[in-house]
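Q: In case you want the letters, here they are:
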Amino acid sequence: MTGQMPRPPDPVRMTGESSAELGRPAEGAAARLRQTPGAVGPFLTESRLNVAGVAIVALVLLLAVFGPLIAPQNPNQVNLLAVLQPPSVHYWFGTDNLGRDLFSRVLAGTRISVEVAVIILSLSVTLGTALGIVSGLAGGLVDEIVMRVTDLFLAFPGFILAAAIAATLGPSLPHTVLALAVVFWPWYTRLIRGQVLSLREREFVLAARVARAGTVWIATRHVARNVLAILVVQVSLDVGYAILATSSLSFLGLGAQPPSPEWGAIIAEGRSYIQTAWWWSTFAGIALALTVLGFNLLGDGLRDWIDPRLRGSIGGLQE
Amino acid sequence: MGMLIARRLAFMVFVLWGITLVTFFLSHVVPGNPARLMAGPQASPSQVAHISRIYGLTDPLFVQYGRYMRDLSQGNLGFSFVTRRDVRTDIATFLPATVELAGYALVIGFVLAVVTGTVAAYRRGTAADAAGRLTAIAGLSLPVFWLALLLQLLFHTELGWLPLGGRLDPGVTPPPHITGLLTVDSLLTGNINTFVNAAEHLVLPVVVLAAGVYGLMVRIMRTSVLDSLGEEYVRTAEAKGLSRWRVLRRHVLRNAMLPAVTVLGLEFGLLAAGVFVVESVFQWPGLGNYAFQAIQANDYNATLGATFVIAVMYVVINLIVDIAYLYLDPRIRYA
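In order, the protein sequences belong to chains A and B. With the first letter of the first sequence counted as 1, position 28 gets the number 276 in the working numbering; the numbers rise by one all the way through. With the first letter of the second sequence counted as 1, position 176 gets the number 1051 in the working numbering; the numbers rise by one all the way through.
In case anyone wonders, no lab produced these hints; they're calculated from the structure. All of these numbers come straight from a predicted model, not from anything done at the bench. Just so it is clear, CB atoms sit at the ideal spot from N, CA and C, and this is done for glycine as well. There may be inaccurate statements among the hints.
[As the list claims (entries may be wrong)] Here chain B is said to cover these stretches of chain A; the calculated rule only asks that three of the stretch's residues, wherever they fall, bring their Cβ under 8 Å from a Cβ of chain B:
1) 393 to 404
2) 496 to 509
3) 519 to 530
4) 540 to 550
Kindly produce the complete structure, drawing on both the sequences and the hints.
A: In structure tokens:
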């Protein structure tokens, strides 16, 4: 497909694959992933943008875990003596109309966003992967039914479907998470099924079949391990999208509700004060934009690095 | 090829039916009484019950669904409880505003992405290439609603250059309805002032929407230009002594555009989500805003109508893309 795509000279990575493996991304990608400890260096030296992605993601994860320890105040602590204070040494990101410290709120929002992404992706990846493997291995009627159902989901803009589901269930953060998981899983089913179909004909799976290994054994021992690499790339691309979609829904009033310090909700609250208190929405937005940027840089870099031939878009949700 | 298109058409019908099924049951299991919404807060319980009976809201769900599908097959989308008009009339009113907004965003984002992607491919490994990658990822990472607020703050509140939202200033008379696209209609009727006013209102929402379109397209364009550059027909063209520009235009771009066209379907999904948020922030009287308000008010005929129209457009665009692809690539056409 893109065999002639010019690449920067990097013998370590390029000689890892023989030409016989072209068009079989999973195998080469899995091999790449297995050399992980020694291979992190090349990934970082490939591009400064990869370094930036890793650094941002690491920072976000650290803040999600340790944020509450370094937050100067309780994120919901009202202080009517310090209402709408601009950023200062005392209040780094300023305060809102109830005198709540916005730095502490944005920090607390980091944990919410990371948790939300973890839950959405755990749900959709588990369901999507399981169905994809079953569909790919079983074939026949099962495959047909699963594929038509995913077609249905993929034939409609996911964000609007998620908004409708969230509104139906009633606006709250858990409902938003559920709604996004519902629209995310078909992408994983598609991705994994495609991988399984190509793996199914590979020698080691055929050999396992000849050796009378059961379908469950083949699925867990041979197939799941080999689709892992592709899955890692896709998940890292989708984390940013999951966080962004959650915040968008919260901003529209269909997700997290006040006084939750979810970033989208903070931006929505600050919206009517944007002319007098610019800092209110601005810092939460910077945190959100940087976080999504970090995960997208990481995912995009990982994809190029694991398999230069992989095509598609950035930002998740692709073929 | 005819077979393929027939299969795609059958699939399209299946998808549209599935979408009505999902959205219908989704919107009808919501706790909330549309009859009460319609009757108004002052209505007595018997009046509410009366309205429920008139609209068949007490019937079992599948009966209501059957009735909805019958109406839909006759092109009737029902009555909006909030605007108190036909949903079809509402959509006809609001759709042009969205088409105008999304159309400009698509064209501008697409053109910028083609230029950036091509430059990045020709200058791969340089700072220009990295800048292309960074701007592309940034275009997809910036929260649409936040970017919209910041641009409003800068260009409206601080600089006073551009309006805050809406399609026209309140004092400006809209041009006579020809296409429904204000910039087009005002030009057709020779009304330059209205055109300028409409264009000013378009700038910010279009920029915000175009950022996503651009982000999605740049890397695909870059990859496919790189592919083309490695092909033998390009080497042949260069060997013939054709100018660099001619090689780019006639040989590289013409082939590189093919994968880009297939992404248009994905772009539409992105635009639909973007429109939903952007129209809300900019008070843009379009379909996204209409759908959002309908969802919030549990106005299910309007919700169903709007989602159905969006689904039809999405499916039709993907069908056109598929057929265009078959047509553009002879290897598939004759396979």
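Q: Next step is simple, just say for each hint if it's right about the structure.
A: Here is how each hint holds up against the structure:
1. Counting residues of the stretch 393 to 404 of chain A whose CB lies closer than 8 Å to any CB of chain B gives 5, so the stated coverage by that chain holds, three being the minimum.
2. A count of 5 residues in the stretch 496 to 509 of chain A with a Cβ less than 8 Å from any Cβ of chain B is obtained; the coverage claim is therefore met, three being the minimum.
3. By the rule of at least three residues with a Cβ nearer than 8 Å to a Cβ of chain B, the coverage given for the stretch 519 to 530 of chain A holds, with 6 such residues.
4. Residues of the stretch 540 to 550 of chain A lying with their CB closer than 8 Å to a CB of chain B number 5, which satisfies the three-residue condition for coverage.
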